[in-house]
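> Once you've looked at the hints, go ahead and assemble the two chains, each given alone in its own frame, into the complex.
Chain order of the listed sequences is A and B. Sequential numbering from 933 applies to the first sequence in the working numbering. Sequential numbering from 2 applies to the second sequence in the working numbering.
Because the hints were derived from the structure by calculation, they are not lab data. Check before you lean on any hint, since a few could be wrong.
Said to hold, decoys possible - With a straight-line cut-off of 16 Å between C-alpha atoms, the simulated EDC-like cross-links for lysine to aspartate or glutamate are:
1. A:Lys1089 with B:Asp7
2. B:Lys182 with B:Asp211
3. B:Lys238 with B:Asp218
4. A:Lys1051 with B:Glu16
5. B:Lys208 with B:Asp158
6. B:Lys238 with B:Glu126
7. B:Lys240 with B:Glu130
8. B:Lys213 with B:Glu160
9. B:Lys41 with A:Glu987
10. A:Lys998 with A:Asp955
11. A:Lys1089 with B:Asp6
12. B:Lys213 with B:Glu130
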Amino acid sequence: MVTVRSGGPADGVTDVGPPSDGDFEEFYQAFFQPLTIQLFAYTGNMAAAQDVVQEAFCRALARWKKVSRYDDPGAWVRRVAWNLATSQWRRARTAALFMRRQREEYASAPSPDRVALAKALATLPAQQRRAVILHYLADLPVSEIAAQEGVAEGTVKSWLHRGRTALAAQLTEKEKTRA
Amino acid sequence: MPDFDDQILTSAFAEFRDEAAPYVRPDGVAATSATVRTRKRNRAVALSVLALLVIAVPVAAGATADGDSHGPPSQVAASTEFTTAPTTSPTSPAPAQTSPSAIPPAAHGSSAASSPANAGLTTREAPDEFGFYTPSRRIVCLMTAEANAVRCDVNHDWELPAAPESCHVDWGNGVSMGNGKKAQLTCAGDSLQNESFEVVPYQTVIKSNDLKCTVTDAGVTCLDLSSGHGFTVSRAKYKLF
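Excised from the complex, chain B in its bound form (with noise of 0.2 Å):
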């Protein structure tokens, strides 16, 4: 019975309104007044910090790119670069080694500081096959730019998963990636090791086709861009992604 039960709800809904009117305290127009003075000028504030900002970070960034670039790296540029690479952290410099180069900086286009977010970093091309250790000589890696493969064997303090059955010969002793394939543990039975290989210093950056190893003293990053898998590895750890 429709209209009965509007009836009831009509009646309902009135003594509702009735009883819960006085207990609605409207907070004034005086407020509504206040509150909407105090957004504008907070949004005004804000808008002033925006546009400062705007204005400050290009410029900032501008004097740090083109300030000494044999000076110490800047600590942001460094948090920057090291987002690829979750496990490492943000470094001091140390000191560059130098040692008989296979690819010397000038030959394949190595650049200094190209932007304010490598700042500190020298990034160089490898040539089709590059091979290099880290100053410390506990990790030795070789960059193929036909494949995008890297691998690196580290004299590390890893423990190590169980080996795969398929695995008969040497297990863990470093990470290897290719061919836009997520990177693992490798299974090998050879060593890079190689003398002629070249000792990079902390704070490089190697490029290959699309890979991209960043070399500092929390251990090396290899990148592929085109894939997004990576790997990090130190003396003391490391990371797939």
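So that you can see chain A by itself, here it is in the shape it has in the complex (with noise of 0.2 Å):
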């Protein structure tokens, strides 16, 4: 059985048995929302969030005997999706996309929360949008976030607090609006 957790390094090999298709399934019923949600508030599109997780669980299966093996594989995935999502390509799309976004794909109508979120997050610069997202959908710890960004915890910190300071300033300036 492959451990599903959260966080924890992608290069540690744990001896579990030899990996089957119910272990991909699970992980892949574990992780799937979670990470597009992630990668969603970051890109502002769901259709590409969904897009790169899904190329990056393509990825874990045709190297699924190596990567269940891993002490945590959604770390490993997640890793995988986030680089796809931030990759020069991707970077280039999906900016527009988030320039021009709040063009919203879904029936229903999102909530005032979800825009103003939305929107707040559109305004961070990208590495402090990652930090916000891995600390509070990922709820990653400083240190996992700094080894996925490679980086020192000290950055992550400083990304953290001024994301954190800037979000949470906007956030509460459309409150006092809308009251």
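Written out as structure tokens, the structure is:
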């Protein structure tokens, strides 16, 4: 059985017996939705978020024998999905989409809170946006965000502090305006 | 107030998560498996094709190189040769004209179709100074090995740019380059015309030091292999590069 948890280094190896399709199914069910929501928050586009997450899972399945033996396969697939989303090609495409965001693609209307958060996120620099999303949506500790981003923990703390302050200010302001 | 900020954000993200969740529509494990299977199959096919090409191309190239050197040049080989001459185009072979030759091919290291890329072209080494005409006699060139220099005078229909102020003799009757410098239109009071020069047949490559001039019925292209500079001349146009 693959241990399913949301954090932890992706390079550890644990002998947990031969992987099976059942393992992958469980893994897919557990991680697809939270990962897609994180990338939706980052890109502002649900279809693009689902694309990159699906692609990450395809890559995981292609090398499932190896990935399933990692300490934390979830961290591996999350890193692949985020790398895809922030790669050069994706960045250009999603940035353009992000700038002309709020063209909702869903049948029901989004709540004011979600629109407010999405708009506020869009104003953050990409690094701060990633740090905030990984912290609040992926529930990752600073050390794991630093590992995923390849930066020092102090840098992540700085991104989080600035991002959090800017977001809270905007959300509070909107709250006052609405009141 | 970080704690207050944290509360606001925790709450906002929780709402965001709850609201977005229903809109996530996973493709499913079956679709993922199908994609991976398709990719594996495509990769296997691609590798097979690649392996086939790796085997087939050298065999085909070898067959071409070993073929009848008196036959028409292959189109592929001609295209390859002309990659250094953008304004020329692959041509059909013209009948080789025989003329009194100042440098008999055999005596100067002539080699026909020495490699697949040169199939259809005859390569020859020029002596220290070598002048030649094209079969049409519209172009006459002089190659000088010591200075890595070549000048071609052309009986042309070109539209010329204005002559530079420093040029007080004939302007633009041809093109020259040498000593590693870029090719330029000539400003010369003399002419290269010399009846002792050889008429070289089309599909000939003449090498002189670092210079390589290719004669085809589309014109003459000369390239300085050390500097990368060169030119193409024909009756209708010239190009410096």
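> Within 16 Å, alpha carbon to alpha carbon, are Lys41 (chain B) and Glu987 (chain A)?
holds, 14 Å
> Hint check: Lys238 (chain B) vs Asp218 (chain B), CA-CA at most 16 Å. Holds or violated?
holds, 13 Å
> Can the restraint linking Lys213 (chain B) and Glu160 (chain B) be considered satisfied, given a maximum Cα separation of 16 Å?
Given pair Lys213 (chain B), Glu160 (chain B) is violated - Cα atoms ~26 Å apart, limit 16 Å.
> Take the C-alpha atoms of Lys213 (chain B) and Glu130 (chain B), compute the straight-line distance between them, and say whether it is at most 16 Å.
holds, 13 Å
> Holds or violated: Lys1089 (chain A) with Asp6 (chain B), Cα cutoff 16 Å?
The hint holds at about 15 Å.
> Against the 16 Å threshold, does the CA-CA distance of Lys1089 (chain A) and Asp7 (chain B) hold or violate the hint?
holds, 14 Å
> Please work out if Lys998 (chain A) and Asp955 (chain A) have their alpha carbons no farther apart than 16 Å.
Within the cut-off at roughly 13 Å; holds.
> Would the pair Lys240 (chain B) and Glu130 (chain B) pass a check requiring their Cα atoms to be no farther apart than 16 Å?
With a Cα-Cα distance of about 24 Å, the restraint between Lys240 (chain B) and Glu130 (chain B) is violated, given a limit of 16 Å.
> Does the structure keep Lys238 (chain B) and Glu126 (chain B) at a Cα separation of 16 Å or less?
It is violated: about 27 Å lies between the C-alpha atoms, which goes past 16 Å.
> Does the alpha-carbon distance linking Lys208 (chain B) and Asp158 (chain B) stay inside the 16 Å limit?
violated, 28 Å
> With the threshold set at 16 Å, check whether the alpha-carbon distance from Lys1051 (chain A) to Glu16 (chain B) stays at or below it.
Within the cut-off at roughly 15 Å; holds.
> Does Asp211 (chain B) lie within 16 Å of Lys182 (chain B) when you go C-alpha to C-alpha?
holds, 13 Å
Going down the numbered hints, you'll see the structure goes against 5, 6, 7 and 8, while the others check out.
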